[in-house]
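J.: Protein chains in written order, with this note's numbering: chain A, 49 to 329; chain B, -14 to 429; chain C, 61 to 391.
It is possible that part of the hints are untrue.
Sample of chain B residues lacking proximity to chain A, with all beta carbon distances greater than 10 angstroms (derived) [unchecked claim]:
(1) T9
(2) V11
(3) V52
(4) K101
(5) S294
(6) D341
(7) E377
The calculated DSSO-like cross-link candidates involving lysine-lysine, where the alpha carbons are at most 27 angstroms apart (straight line), are [claimed, not checked]:
(8) A/K73 <-> A/K111
(9) A/K226 <-> B/K386
(10) B/K35 <-> B/K15
(11) A/K237 <-> A/K258
(12) C/K384 <-> B/K235
(13) C/K384 <-> B/K374
Quick caveat, the hints were computed from the structure, so don't treat them as lab data. Ideal Cβ placement from N, Cα and C applies to all residues, glycine included.
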Amino acid sequence: MVTSIIILSIIGLVSATLLYVISRKFHVEEDSRIDEIESILPGANCGGCGFAGCRNFAEQCVKATSLDNLLCPVGGNAVMQKIAPILGMQAVEQAPRIAVVRCNGSCENRPQTSHYEGAHSCAVVAALYSGESNCNYGCLGEGDCAAACDFGGITMDPITRLPYVDPNICIACGSCVKACPRNIIELRKRQEPRVFVACNNRDKGIIARKVCSIACIGCGKCAKSCPNGAITITDNLAYIDDSLCLSCQACVAGCPTHAIHVVNESAKENISINEKESAIC
Amino acid sequence: MLKTFRIGGIHPNEHKLTAHCPVTPVAIPKQVSIMLNQHIGAPANCIVKKGDTVKVGTLIAEASGFVSANIHSPVSGTVSKVDKTANAFGLYATTIVIDTEGDEWEETIDRSPELKEEITLSPQEIIQKIAQAGIVGLGGATFPTHVKLTPPKEFKPTVLIVNATECEPYLTDDHALMLESPDQILVGCRILMKAIGVEQTYIGIENNKPDAIALLEQHAARYLGITIVPLRTRYPQGGEKQLIDAILHKQVANGALPVSTGAIVQNVGTAFAVYEAIQKNKPLVDRVVTVTGDHIAKPGNYRVRLGMSMRELIDIAGGLPQDCAKVILGGPMMGKAVSNLDSPIGKGCSGILILDEEHAHRGAINPCIRCGKCVEACPMGLEPFLLAKLSENHLYDRAEKELITSCLECGCCAYSCPSNRPILDFIRIGKNAVNRIIRSRKQS
Amino acid sequence: MELTVSPAPHIHGRLSASQCMYSVIIALLPAFAVSLYFFGVGALIVTLTSILSCIVAEYLIQKYLLKVKPTVGDGSAILTGLLLGFNLPSNLPIWIVIIGSVVAIGIAKMAFGGLGNNLFNPALVGRVFLLISFPTYMTQWPLPAVSRWSYTDAETGATLLSKLKEEGSQWVSQVNISDLWIGNQGGSLGEVGAIALLIGFAFLLYRRIISWHIPVSILATVFVFSFALGLGEELSASQTTGAWQHAFDFALIQLLSGGLLLGAIYMATDYVTSPMTSKGMIVYGIGIGILTVVIRQWGGYPEGVSFAILIMNAFTPLINNYIKPKRFGRA
């Protein structure tokens, strides 16, 4: 009994000394500001800043000479304003952004022509064929974006089978943008109202219209009506530059296929997704 | 003991419903659509425009690089449009549409049935002519044949292997071709041997085709250096690496080209096309297509002009059965399910398989019970369950270490999974992602 | 018409996970018949209780605790129950059997995430839990073919292995080996009939449900190891005459007695808890074989198969990680 107590105590003592010596000998001197910044960061480790986790972002902040290109999308400007004084730098106010789905191919707009059966992943479908509709550019509806969102900000609408971005949750980390095999999701400025082309089809108008009734056909009417030159047409697809858009909505009425959407969060009068109840595909 | 490959493999139910159907020519379609990207590599460049008149065998699209292939008109008539149309998978691609008038062939093409055995061209001329004729691997891979016949300088081919295994269930187009034209195939082999400078050819045939083995053995006696090798029926024996392993007992090292073993593998259908191109001046304008399925009225092996619509050919074979639920281009293991039947038959279309409602659907997915059946079945000695999991979770570094890039996509893993897991679906995605990562790493 | 599109392959090998489970259950039926013959009504009661309580436990946990769709139809709970029953003495009271089933399903299987995620063989966890918790109940073995119509009041006796442990290997010469083949010995109710268990093994091999690697490597290791021990003992006692015969008998008794055949063929080969590659399976099997003999020979318990399998279960992830299949193109 006594011997075992003594032996155990000795083992414990030796291990403790060993651990102490090792931790001293291999101690790495680190900039204390890294810990300080990390404690301010939200700790979501989402990678939305472009770095591998919050710790890595903190290290990059300490290394950087200016905070202009660094932004924690989760904490936003508030967090950046707290980080700036630690480093003795200025944080530039950056416009908040939100993920925008540039496709409105619900079942009634874009008829289903086949039935997909296989792993539920947009990447799998995209590698296989055009998807359940004939559109080569539209949403595949298997929800890779929703799965990629660490915050639960994207849900797949069971009726339209399109992703819905919850504006109260989305912090524009960009995970969904990377996850979408068809590059449908884009990060845009949170304007009031938000005007964008809800289509990604780069085929000629005649084909685009054939596969989807609300496709952008690249007619260019919107570009002509824009007072600020924010709209360009490339590859038969109109694109509204959010840094130039004045949200005047001059382009909206003229669009022959209603491909341009206006989302007004504060007024809750969204002329867009789920305008009409559509049948389940 | 018959030869076969040494790792993994499965033996699915063969379902060779059309094994005894002779090759039947079908009527020339009224209109053909020719896609410019019906081979691996760069799409061909269209050299005709709306209103041009063409004959059978007129060059209508030119190879746009070394890894690309010429395309010839399969009918005579007028080009009615050059525009984007949807292919079998609903993807839009540039297509030449030709309205048929009569059946007028280019004068240089020898249409007589006589066998021409004497090979007069030099190896370089042969390869050049194969390139001109637009021949690609007709087993379904559609890799341009002239590229495969010009291996990198550091490799010296020592043997030609002809793939006549037809290991996919249901398909019988190679089988029917062998029974119809054994001599043409053997002369085609002699031409390929001369082109790559080898003295020995092995034709690998699975022993579920005893009539083809016997017939080719009987005819091969007249040709120097051609040996018929009966193989134990096993899928995926027709995989290039598996076939080399089965016949030569040599395994292509991981990451190396198959030619590093000294073997160049060609499909038996390709050998036949080479014969026609070299001896008869006939470019690739038609091929044998198996139309099969449990409920189709007239399954068979049809000689079809390329560019004919799939729906038209299915109608000739008795039309779509009432309970048709899935149409597959190629065999059931590696073929691709189509969504658009109004698309043309391309160079790589070895068969059209029609599955009924009962067989078209996958079983319910259950949790992985780690039974190891996929590991046992994998012909590359990989761990499919692990690769699928790594891909699903985007762990591409680890997937690369576990050799995801050597996956053949043969489907043995998903076939043998008792839990119906979509193993291969995820491996494919992971393999593509890892290949992209490797390419970008090489570039930087 | 809407066509179905899915990635290749478009055909499936028709073997399903539940078919695998039911095949193992079928393979165990001959052994069950043997145990009914030798242990009578007790065997029936214990086995049925065990199966039923496993099914009920899985159903209740899935339905009310995890709130998922119950999957008792897949046969895995039935198999766990059957194997647990086979590992218990036929005079075990019903309430102990139920506790064992709940531990097997609730702790060893569901707590780890259900089918496919458990680290340890559920039936063995249940058995070992009972063995440690209720050692008296779990080490009283009814005599074979004596009291077929009595249950908890059956006449009991020691198993062969415990006699062997107590009285030393000299006892070997008194064993009637043909009794071991047919199952006329004391022990857990399903482990006794060697021939019946081997018939099931042949069936499983024929149906390609399991491969030979694990059972054969376990049995071969135990045989070779025991043979060497038996021979060493005789030679050290300088009894050269008949040493080979004695060692052979000793090794054969080790093979046919206790839970070795049941464990090697039906428990160690559990898909979820055994390695995935054939090389890994052999390493795993050799490990189980060595541990079994070591526990039997030098450990505190007369029988060590369950412990050996559970210990090697813990090594399975490590084996899977380090022992890779033979890759194509890598000599």
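J.: Next, verify each hint and record whether it holds.
T.: Hint check results:
{"no.": "1", "hint": "T9", "verdict": "holds (30 angstroms)"}
{"no.": "2", "hint": "V11", "verdict": "holds (26 angstroms)"}
{"no.": "3", "hint": "V52", "verdict": "holds (21 angstroms)"}
{"no.": "4", "hint": "K101", "verdict": "holds (42 angstroms)"}
{"no.": "5", "hint": "S294", "verdict": "holds (16 angstroms)"}
{"no.": "6", "hint": "D341", "verdict": "holds (15 angstroms)"}
{"no.": "7", "hint": "E377", "verdict": "violated (8 angstroms)"}
{"no.": "8", "hint": "A/K73 <-> A/K111", "verdict": "holds (26 angstroms)"}
{"no.": "9", "hint": "A/K226 <-> B/K386", "verdict": "holds (24 angstroms)"}
{"no.": "10", "hint": "B/K35 <-> B/K15", "verdict": "holds (17 angstroms)"}
{"no.": "11", "hint": "A/K237 <-> A/K258", "verdict": "violated (31 angstroms)"}
{"no.": "12", "hint": "C/K384 <-> B/K235", "verdict": "holds (21 angstroms)"}
{"no.": "13", "hint": "C/K384 <-> B/K374", "verdict": "holds (16 angstroms)"}
Checked against the numbered hints listed earlier, the structure breaks hints 7, 11; every other hint is satisfied.
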